[in-house]
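> Each chain, written out:
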Amino acid sequence: MHQIFSRQSIYGWLLLLPAAILLFAFTYYPMAGTFFDSIFNEGSGSLSSRYNGPLNYQMLMIDPVFKTVLINNAIFALGTIPVSIGLALMMALIVDQHFLGRSLVRMAFFTPTVLPMIAVANIWLFFYTPDIGLIDSLLAFFGIEGPNWLGDPDTVLSAIIVMAIWKEAGFFMIFYLAALQTISPELKEAAKLEGAGKLYYFRRVLFPLLMPTTLFISINAVINSFKLVDHLFILTKGGPDNASNLLLYHIYETAFSYFDQGYAAALTVVLLLILASFAIVQFFFFDRRIHYR
Amino acid sequence: MFAKMKRLFLITAAAVCLAATQAAAAQTELTMYYPVAVGGPLTKVVDGMVEDFMKENPDIKVNAIYAGNYNDARIKALAAMKSGKPAQLSVMFSIDIYELINQDAIVAFDDVVETDDEKKWLDSFYPTLMENGKTDGKTWGIPFQRSTIVMYYNKDAFRAAGLDPEKPPATWEELVSMGKKLTKADGSQWGAMIPSTGYPYWMFGALTMQNGEVLMNDSGNTTYFDKPGVVEALQFWKDLGSKHKIMPEGTIEWGTLRQNFLEGKTAMMWHSTGNLTAVKKGAKFDFGVAMLPAQKRRGTPTGGGNFYIFKNSTPEEKKASVKLIRFMTSPERSAEWSVKTGYMGVSPAAYETSILKDYVSGFPYAAVARDQLEYATAELSTHQTGRVRKLLDDSIQSALTGRSTPEEALTNAQKQAAMLLKKYQ
Numbered sequence: 001m002h003q004i005f006s007r008q009s010i011y012g013w014l015l016l017l018p019a020a021i022l023l024f025a026f027t028y029y030p031m032a033g034t035f036f037d038s039i040f041n042e043g044s045g046s047l048s049s050r051y052n053g054p055l056n057y058q059m060l061m062i063d064p065v066f067k068t069v070l071i072n073n074a075i076f077a078l079g080t081i082p083v084s085i086g087l088a089l090m091m092a093l094i095v096d097q098h099f100l101g102r103s104l105v106r107m108a109f110f111t112p113t114v115l116p117m118i119a120v121a122n123i124w125l126f127f128y129t130p131d132i133g134l135i136d137s138l139l140a141f142f143g144i145e146g147p148n149w150l151g152d153p154d155t156v157l158s159a160i161i162v163m164a165i166w167k168e169a170g171f172f173m174i175f176y177l178a179a180l181q182t183i184s185p186e187l188k189e190a191a192k193l194e195g196a197g198k199l200y201y202f203r204r205v206l207f208p209l210l211m212p213t214t215l216f217i218s219i220n221a222v223i224n225s226f227k228l229v230d231h232l233f234i235l236t237k238g239g240p241d242n243a244s245n246l247l248l249y250h251i252y253e254t255a256f257s258y259f260d261q262g263y264a265a266a267l268t269v270v271l272l273l274i275l276a277s278f279a280i281v282q283f284f285f286f287d288r289r290i291h292y293r
Numbered sequence: 001m002f003a004k005m006k007r008l009f010l011i012t013a014a015a016v017c018l019a020a021t022q023a024a025a026a027q028t029e030l031t032m033y034y035p036v037a038v039g040g041p042l043t044k045v046v047d048g049m050v051e052d053f054m055k056e057n058p059d060i061k062v063n064a065i066y067a068g069n070y071n072d073a074r075i076k077a078l079a080a081m082k083s084g085k086p087a088q089l090s091v092m093f094s095i096d097i098y099e100l101i102n103q104d105a106i107v108a109f110d111d112v113v114e115t116d117d118e119k120k121w122l123d124s125f126y127p128t129l130m131e132n133g134k135t136d137g138k139t140w141g142i143p144f145q146r147s148t149i150v151m152y153y154n155k156d157a158f159r160a161a162g163l164d165p166e167k168p169p170a171t172w173e174e175l176v177s178m179g180k181k182l183t184k185a186d187g188s189q190w191g192a193m194i195p196s197t198g199y200p201y202w203m204f205g206a207l208t209m210q211n212g213e214v215l216m217n218d219s220g221n222t223t224y225f226d227k228p229g230v231v232e233a234l235q236f237w238k239d240l241g242s243k244h245k246i247m248p249e250g251t252i253e254w255g256t257l258r259q260n261f262l263e264g265k266t267a268m269m270w271h272s273t274g275n276l277t278a279v280k281k282g283a284k285f286d287f288g289v290a291m292l293p294a295q296k297r298r299g300t301p302t303g304g305g306n307f308y309i310f311k312n313s314t315p316e317e318k319k320a321s322v323k324l325i326r327f328m329t330s331p332e333r334s335a336e337w338s339v340k341t342g343y344m345g346v347s348p349a350a351y352e353t354s355i356l357k358d359y360v361s362g363f364p365y366a367a368v369a370r371d372q373l374e375y376a377t378a379e380l381s382t383h384q385t386g387r388v389r390k391l392l393d394d395s396i397q398s399a400l401t402g403r404s405t406p407e408e409a410l411t412n413a414q415k416q417a418a419m420l421l422k423k424y425q
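Taken in order, these protein sequences are the chains called A and B. Just so you know, we're using the working numbering here: the first sequence kicks off at 1 and counts up by one. Just so you know, we're using the working numbering here: the second sequence kicks off at 1 and counts up by one.
No wet-lab data here; the hints were simulated from the structure. The structure presented is a predicted model; accordingly, all values stated were derived computationally and were not measured. Any given hint could be a false lead.
As the list claims (entries may be wrong) - DSS-like cross-link-like pairs, simulated, lysine-lysine; straight-line CA separation at most 25 Å:
hint: 1; chain 1: B; residue 1: K180; chain 2: B; residue 2: K238
hint: 2; chain 1: A; residue 1: K227; chain 2: B; residue 2: K243
hint: 3; chain 1: B; residue 1: K296; chain 2: A; residue 2: K67
hint: 4; chain 1: B; residue 1: K243; chain 2: B; residue 2: K296
With the hints as constraints, model all of the structure from the sequences given.
Structure (structure tokens):
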């Protein structure tokens, strides 16, 4: 007992205090609050809120939009994460080399990251606009009539995935580039002396050394695939007929367009559980297989 | 030296604070949110009008805050209310009325106005524009940035297709037959475009009314989505793309439609009158504005934003708010607003002012929206309006993109809407 209250441990607790307060005030308390909201029927105006039990969670089961957004979000995640990470690695390898105009290319790769998502969406809205948009104008040059990218449920989600990759890849590239610069050139020379080909060197030396970075990026990518919905406000509003709707946007609409705080809270709890389970898997499962220096 | 400066700074700061509180005591301070839903520099127009008001009424200070689109404005206003720092008045979507009443956020104007003069003012607006502002015999919203849907058409394209540019289609049949002549086989020009993102239910309100139906009852607790006439209207909308081929299939983006029209990609578009001034400035060709065509009758929903006064404000603030709203909706101001934006004058008196009379005589299309008012109906507005609207939006988009038939889509929407509205009946 006296261990906890020893002078030194109090000193330690005091050092932790600012971080702990911030974490509790802005992370754990809102999380608990969200859970409590989700089991209450939020009173609107004159009605007071009352205990609702699992009603909001039962509604999840019968809400067709909820099912759609879950599937869409899975497709969105699977579509954006591997490609944007692969692309980021490729771009990083390119601009890690020495060639004329390297900083210009680096800047070009990084530019989409600097732009806010809303601005990006506004740009891409005019890319995707049928007939007068950039993509359709290019296709028309070759005599092809482009589809109605954002107006067709079959193409809208892919169109948004492409845009998200364009936006994300440059950001991830920076991390790879930083990691590549820390890898000692001696390794490359040694591999050369041993007669290892470029591909072999990449597969056996470079890529394993980049694994910690890949883990970090993949966690970020997973979070982003659930977090990035700004573009939906501009591009599709989740339409047509929910074909591009994502979980977070559905939460937003439930909370602020339908004013159903209780159900929105239940949806938020689901989102938290999804993200938490991803983080657990990534940290405890993949972490063991990664070589840290 | 340093201490001296610090003291000087403190004294100045205190003086500034004191001056500020004194000024505030003498003034009534109002915070007002307003949304902008169409393109163009509308914020400048609103800010200019508010400044004029403050010049005339030095005892009232107004903070007019641009709050994004209609959804954003409502969210900001309600969030401000919950955080205990409410605005006193706001321009919000006319169809938010039931939601705002259910949230106990607003007061009826009948309970705020005092003098006979003010009561008379409540009756000075176009009755059709008041439909979305009244329920249970009380007035909750005062029309401000109000619109109807009109048809913009490219007269040059009409001439090129051998059509009379002064005779835009007046019926659905003519819309189809003229549309076919205006559609070019290589896809470089479509006959017509009706936007189906953003506010699909609004456009649909026009089509249903033209087919002799409305979408909901006056108390906002029953919808009629699955009536045969309503299904027919959606079938017609879909047919424009899939059968008659005068409109692109799939959904058509609300936000970029004006650009499509200005670049000559479509010969006709249905859009808010709020776009009129922007089209007038942007069109490099001869264009016309017409009422929407008729099937059984002509028809359009009204649209746009109303003034609301929030409950959570002092009597002085409410009084000042009424003063401000009266100023903003006075015939002269309403006329000025209409000229600068294309939104309609909200009262008959506005069209009697010299500003609007001169403008209309030089540019007759400015009066199309007003002339169409006699055929207009309320915009879709019910209890749980966000959810009900989304149900209808989804079913329209699902039919237009061919995921389900109009009948399936609308029956489904009606079923779910009936479930949501049960407790309000």
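> Confirm or reject each hint.
Outcome of the hint check:
1. Only pairs whose Cα atoms come within 25 Å are accepted, and K180/B paired with K238/B is accepted, the gap being roughly 15 Å.
2. With a CA separation close to 40 Å, the supplied pair K227/A and K243/B exceeds the 25 Å bound.
3. At most 25 Å may separate the alpha-carbon atoms for a hinted pair to count; K296/B and K67/A exceed this at roughly 40 Å.
4. For the given pair, K243/B sits about 21 Å from K296/B by alpha-carbon distance, which is consistent with the 25 Å threshold.
Comparing the model with each numbered hint stated earlier shows that hints 2 and 3 do not hold.
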